[in-house]
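J.: Below are the chains, spelled out letter by letter.
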Amino acid sequence: MNAFLQKSLPAAAYFDSAIMEAEWQKLWFKHWLYVGRRSELAETGEYKVIEIGGQQVLLTQNERGELKAYHNTCRHRGSELCSELEGKFSGGRIVCPYHRWAYSLDGALLNIPFVDAQINGQELGLYPVHSQVWSGNMYINLSNTPPPELGQEADPYFSLLDNWPLDQLVVGHRHDYALKCNWKIVWENYLECYHCPGLHPELCELVPLYKETLATDVLDGVSGTKDTVAEGVESWTMDGKAIGPIFPSLTPDEVKAGHVYLSLPPNQWIVGHPDYVRQVSFMPMDAQTTHIASEWLFSEEFLECPDSSPDRAIEFGELVLGQDALACEINQRGMTARPHKVGFLVAPQEDDLGKYHEWYRAAMEHK
Amino acid sequence: MNAFLQKSLPAAAYFDSAIMEAEWQKLWFKHWLYVGRRSELAETGEYKVIEIGGQQVLLTQNERGELKAYHNTCRHRGSELCSELEGKFSGGRIVCPYHRWAYSLDGALLNIPFVDAQINGQELGLYPVHSQVWSGNMYINLSNTPPPELGQEADPYFSLLDNWPLDQLVVGHRHDYALKCNWKIVWENYLECYHCPGLHPELCELVPLYKETLATDVLDGVSGTKDTVAEGVESWTMDGKAIGPIFPSLTPDEVKAGHVYLSLPPNQWIVGHPDYVRQVSFMPMDAQTTHIASEWLFSEEFLECPDSSPDRAIEFGELVLGQDALACEINQRGMTARPHKVGFLVAPQEDDLGKYHEWYRAAMEHK
Amino acid sequence: MNAFLQKSLPAAAYFDSAIMEAEWQKLWFKHWLYVGRRSELAETGEYKVIEIGGQQVLLTQNERGELKAYHNTCRHRGSELCSELEGKFSGGRIVCPYHRWAYSLDGALLNIPFVDAQINGQELGLYPVHSQVWSGNMYINLSNTPPPELGQEADPYFSLLDNWPLDQLVVGHRHDYALKCNWKIVWENYLECYHCPGLHPELCELVPLYKETLATDVLDGVSGTKDTVAEGVESWTMDGKAIGPIFPSLTPDEVKAGHVYLSLPPNQWIVGHPDYVRQVSFMPMDAQTTHIASEWLFSEEFLECPDSSPDRAIEFGELVLGQDALACEINQRGMTARPHKVGFLVAPQEDDLGKYHEWYRAAMEHK
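Residue numbers (the numbering used here), protein chains in the order written: chain A, -2 to 364; chain B, -2 to 364; chain C, -2 to 364.
Calculated directly from the structure, the hints in this document are not laboratory data.
Hints may contain errors.
Identical chains share a label here; the pair holds if one copy fits it or two copies do between them.
The calculated lysine-lysine pairs, modelled on DSSO-like cross-linking and capped at a C-alpha distance of 27 Å, are [said to hold, decoys possible]: (1) Lys223 - Lys208; (2) Lys338 - Lys45; (3) Lys85 - Lys177; (4) Lys85 - Lys253; (5) Lys253 - Lys338.
These figures come from a predicted structure and were not determined experimentally.
So here's chain A without its partners, still in its complex pose (with noise of 0.2 Å):
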């Protein structure tokens, strides 16, 4: 009879450690993750050092102005390279505070300190990870042999946010925190609207589809003509007003809808506004933790204009994300009742949500 309703992942999915351990091994290490502004790292041997499921990865860039990464780790004992999270490389090399190994911002070993056997600096190299930049942000992707990189023109989603000067923006504000849940509720958060009316009543007042609880086909980012923000309502602020300025390369439907939501599982999302961008990342601790990243993007000459100020646009935005933060860990806490095996997806409201799920059995059932 109630059969409209279709099941959720098993609760296990949410708080067992084993299958975060088996996440991280076939899904997490398996994908391209975000981990930052490729502006960060500007002048040549600059690095920084991200770490993710218990792997420290360096960034850096290299003497012909590549983005260029490698497990922080060097191969004569496994010293840690980088002790702080940023800085810069002196004089083009990599080297190990321990024992003086040496290496290029290229990776190869120059140098074994005091030994006078000729070396093969290839085969003792760092441990690379592959990176890539799209749009300003850079990526990286911790397996051997990594999927095509993303906003090929192969790949037509990326396409929802070409007219966003998305590489040219600067972060304007970011907002780190750990939420006492499993990633894939902050997920599973996101990809519906069914809590809007509940969670979210400033929101509902800017786009009043959401008061329905219904709302774009988020994953796959087809926007519904409906899906847009009220009339008047120019951007997600606190008073509805945009910030500053329009990007101007955007079209009339895209001002008019307010709002563009390009997906990136599993670690990433980003929300094309007319005046802003902000995009949210994260890292799961373990199994019930998840570290939050939220930024919000500005052109550059707005922040630097001293008449306006992105304040709207980022007290709207922590207002919302405080909102779901709560719902999450709300959801997270339920999670473990014995008799509690399995949840139920509401139609049409959760549909995102049983695509999500598809993905990420896919993914999961992939070796």
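Using the hints, position chains B and C against chain A.
T.: Same frame as chain A, but now just chains B and C:
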């Protein structure tokens, strides 16, 4: 030559987390567990949330004044229903804070918001938990097929407290604390008075038999005639005098004895004194940590009388509990020595521990 | 082409908790372990409790002035005997605080209180732990069949320190701290001077050979003739001058060398200088944490002399230890990179590590 000593439980039973997990499944989730006084839920829709073994249980009172218990989890996508430890449901509905699914106080699903389809509310009702009330105490049972309820007329054991007005008493003092020891060590400490002369000098003054390390057959509740308070002592208080009126329903022998024990393993025992009742309950936090709650119960008239005070009873109980707390933690810390595979029981002082171990072994072998 | 590099231990040996557990059973519980100076227990019945690998060991001195060691656990129901880390047993009896079972300082059960039966005190004696004293140091062994005692005449290795009055020295300074690294990383750091030029500039000034990354064959204790302090240097102190009188029992070569190493894996090494001795011992806390205790030993006359001070020796030792502490933690943090399966050893600088790894592999394969 030391054959008079019987063996205790294997040492690992006191610290191995795999054994604790088996105890949850085979023992704790199969037995009736004390979770509070019935009077805590006085009105329709008042609720309380308790946690045991990672399970949150929601206790409430329905429109017919009946106690109802459910897992604190929504059937939709597994959210926690109540995030506060106590409160009151308004309008007789239990509403999930995430997507507003609404349930009756009897657990039936009433409404799936924004969904037109006909729903079968019983099929998607809250996950039920068995509950019962005995002598003003609430008990739950997390199995699907619980054993008979406590306090049935068929079981003469409970008649030990028949003459105490337990259901009318109120909690005048409650002390919650955590001991760094396995829950079975708390039981063993309670079940023998072999430690009394060394650790409880004040108690030994009140009950002369305890100076000889002997005591009532506590587990079975059969009071020996010698296990009474001393001549001139009335109750377990700092000066041995009753704090107020003797319960009028007691027999002269019950008054003279000064105490009677009712043991309800795994998580509660009750001690009736002529003028008050003290009940101790506990919940394991992990294999080596146990949460204790000790409650002192008095008649409402006594507590409301401006000229009387329960302090001498409370102070005495806290004194003895504190002495036992130290002993339990000392016992735990020695248990992990590598050559210590098993301890010994001294007869007759520790005969009750042997009976308790029989109960435990039977419970653990039962699937 | 890089065949001159030998492989180190597998990376997992430095962080896998299952390997650490195997090391406890096969290695740490089979070897003699330093646990303090014999002079800490000066009187009959004085005791000290140490903890290693979850085992509490009670050290005391019996009526005949002998060192005795037991598990800190009562045979009755497994209680901890001593809750203080040090103290003195009164009346020559070790009495359990729970039920007053009493044992002699030789570990025999003397009395079961309130029990009339004849007891066999040997059968219920304290669980013994093997112990020995060498050069004023106490060592324990937690196996039932320990290897030969340290310092036997049959083993010429210990003669390295024959001319030092180690048993008469007293601890003038002790520093306890925890490093976030595996215990084997501490050994490897100690066993090579390949890191010396980069990390120990002050030490390199005192010992010129170290500037060339070469050192004594530390593990076997065979001093090369070149491994001596520089011309004009007397000892390892801030200014290279001895802090006080040279030990008169040393040979001219021993005085000239400035240092001699005695390595007692898994948990201690001793460095004899002409004017003082420093010994470092350590205990794993878990696979990635190691507790270190560094002791500086001086003659009693020197410490009591108002005109002399050990400060320059202590300060120098702390300086070098601090440099090594940073290096050990850096090494640990890089070890868990997924592609890092094994590191490499540089010859001849790290030959001693290869010998140490042979010792380790042999110990781990031995049941």
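J.: For every hint, state whether the structure bears it out.
T.: Each hint, compared with the structure:
In this homomeric assembly, Lys223 and Lys208 come within 27 Å of each other (Cα to Cα) only inside a single copy, at 12 Å, whereas the closest approach across copies is 75 Å. Taking identical chains as interchangeable, the C-alpha atoms of Lys338 and Lys45 lie at most 27 Å apart only when they sit on different chains, with a minimum of 24 Å there against 42 Å within one chain. Proximity of Lys85 to Lys177 under the C-alpha cut-off of 27 Å is restricted to the inter-copy arrangement: shortest distance 26 Å between copies versus 34 Å within a copy. For the identical chains of this complex, Lys85 and Lys253 are neighbours neither inside a copy (44 Å) nor across copies (45 Å), given an alpha-carbon limit of 27 Å.
In this homomeric assembly, Lys253 and Lys338 never come within 27 Å of each other (Cα to Cα): the closest approach is 43 Å inside a single copy and 55 Å across copies.
Hint compliance for this structure: hints 4, 5 are not met, and every other hint is.
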